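From just these sequences and the hints, can you work out the full model?
In the order they appear, the protein sequences are chains H and S. Heads up, the first sequence is in the numbering used here, so the first residue is 1 and it goes up one at a time. Heads up, the second sequence is in the numbering used here, so the first residue is 1 and it goes up one at a time.
The hints are simulated quantities; they were obtained by calculation from the structure and are not laboratory data. On a predicted model such as this, the values are computed, not experimentally measured, just so you know. The reader is advised that the hints may include incorrect statements.
Claimed, not checked - Computed list of lysine-lysine pairs in DSSO-like fashion (alpha-carbon distance at most 27 Å, straight line):
#1 H:186 to S:38
#2 S:64 to S:298
#3 S:204 to S:186
#4 S:352 to H:352
#5 H:64 to H:38
#6 S:38 to S:298
Number of protein chains: 2
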Amino acid sequence: MYQGRKAVESDDSKAECCNPVLSPDNRLLRTLRGEVAKPGEPPPIWFMRQAGRYLPEYRALREKHDFLTLARTPELACEVTLQPVRRLGVDAAILFADILLPLLPMGAPFRFAAGEGPVFDAPLASRADVERLRIIDGPEMSYVGETLRLVARELSSVTALIGFAGAPFTLASYLVEGGHSRDFRKVKQLMWSEPDTFRLLMEKLTETTIRYLALQISSGAQVIQLFDSWAGILSAEDYARHVLPHSRRIFEALPQTPTLHFGVDTASLLPLMATAGATALGVDWRLSLITARELVPKGMPLQGNLDPLLLLAPAEVALSEARRVLAEGSSGPHIFNTGHGLVPETPPDTVKRVVDLVHEG
Amino acid sequence: MYQGRKAVESDDSKAECCNPVLSPDNRLLRTLRGEVAKPGEPPPIWFMRQAGRYLPEYRALREKHDFLTLARTPELACEVTLQPVRRLGVDAAILFADILLPLLPMGAPFRFAAGEGPVFDAPLASRADVERLRIIDGPEMSYVGETLRLVARELSSVTALIGFAGAPFTLASYLVEGGHSRDFRKVKQLMWSEPDTFRLLMEKLTETTIRYLALQISSGAQVIQLFDSWAGILSAEDYARHVLPHSRRIFEALPQTPTLHFGVDTASLLPLMATAGATALGVDWRLSLITARELVPKGMPLQGNLDPLLLLAPAEVALSEARRVLAEGSSGPHIFNTGHGLVPETPPDTVKRVVDLVHEG
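Here is the structure:
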């Protein structure tokens, strides 16, 4: 069994569950304590972006409310969080929110442009812009705490509740690039040309993220996933020097909570990411779970890694590849997931068939 | 020394040089035969997209001619090919062309849209579209042969002449996606949903590429680089099943010529790519050359891997990182290059300083 930091602290495992309704013994939490599924026993399964536009019941709600209203109204966000749990029978609910939400009270407004994703009309462009950002505390994000409390009340004991946040580098990349980026050149230039300003930005994002995640944990989140979605654009050298210390501070600040650490394109960063302090690492579809196991400490739980676009392929192709992922993951603790978020065009029926395959073997 | 396929055939090395003016003993060719630079001896250096918009002398020509005219007029393409050799003193000239050029006579017209890159107004959408594509032979690309003959005449014996082509998967992705793509979902769906049609497309592209590269070699190209720029979007499973056999056929068809095989994001594919048959592998900046050496056969030459965006950073940062790349590459045969093509905003002076650093140690 994995002898990492969190496993050593497993005597505290009772403290991991903040809501008495939720059980510390569901499949996800057991896997995060390093248990390997026995032959015939299914691994836990959930999907990144399992709540969202591919579900007709989500689209029905979105017709009445814009995205930010859905995410910031606890009753609505709770309903959206629960939709995939009801339809799919996945082993975890993940808070319906967006990694960018804490940036609003920090003083960095953004909007969602059709087909473009998030757009910051005033991307950070100077030291003064970074200095103006506020470190936020709990109250500004209290709607997220309320959502988690509502969800926890509705979940059965077999379903885990996952909270999440964006990692400082990924948040910084949106703030500096002003949205999605092809080559992330602005945030790289800030990192290389003004390392002190970049560090100040990372520190503010780190501090905010720690407080935001503490709020989520005290509101019922049993597991936290830190999304460093775009860290894979960096060289190992830059990641180690400019990014890893900040992500490490976040995990150090959450010693009681099982944590997942995920990014795309991390094949060359994985040995470094394994030192950041998370309980488990999520990997994308590029890296087979067999190879990933060779890059992380023995017994460390891994999450992934079906290509989410396979769910758009004929169902028999998706199921055959899901069987491969199951087999590749089975030599250690494994949480079945996609290697990135589900896309809006995903047929829910194929997703359900993958869940059933994983649960029924 | 590397005991791979090309090294075993090194008795044929004289045959590698098709133009008597060019020497088989320049730094690049020696490294491709597996020689490691001795302490104090510089490795060869060239840059992907070293001819192009970042050079004022290129922009001056572009003001008078559009891109396709430059690429298809041998005298102009020769001049553009030589510009970076004159200014920078790099160890290789690379043919000025575009990987998409052979697609024009195949029957797949495209245009370059400002800020968007190449656009195919009629992307491949059916089996019939793929069946209509023509396999091309030498004559349609004879302007490239003429360019290479002109360049070979101008190069001094210390400068190698590199020809290149796009690998079948990367060409297929442009043909099916219709241009650049964020997630390559159309080409993946074709691969998964209609594997026979996808294979037919790959076979046509493979056959065309073999003939196109044979033309380049007979016209004076001493080294060939195969750009599988976007292969890194695939899982190792998909790469091995749907892509590798085609790339392998290309290298098998060029047994006398030293070859470079490059893609971005290939950290998880590198062990497979090392079996495709190229003499050397190029890697992007994500993967340190030290790690890359552990993933390929002992002594296999590696090319790379400075982040090209570092050349936009303050020169002292770029030079410091170039020193790191030099050190990381020095434990085996190493060709210094960037990890992807130079971008138009690159300051030529910084590029020159990196060349001088590498040459002067």
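Results for each hint:
1. H:186 to S:38: Not OK: residue 186 (chain H) and residue 38 (chain S) at ~38 Å, beyond 27 Å, violated.
2. S:64 to S:298: violated, 48 Å
3. S:204 to S:186: Measuring from Cα to Cα gives roughly 19 Å; hence the hint holds.
4. S:352 to H:352: violated, 56 Å
5. H:64 to H:38: violated, 45 Å
6. S:38 to S:298: holds, 17 Å
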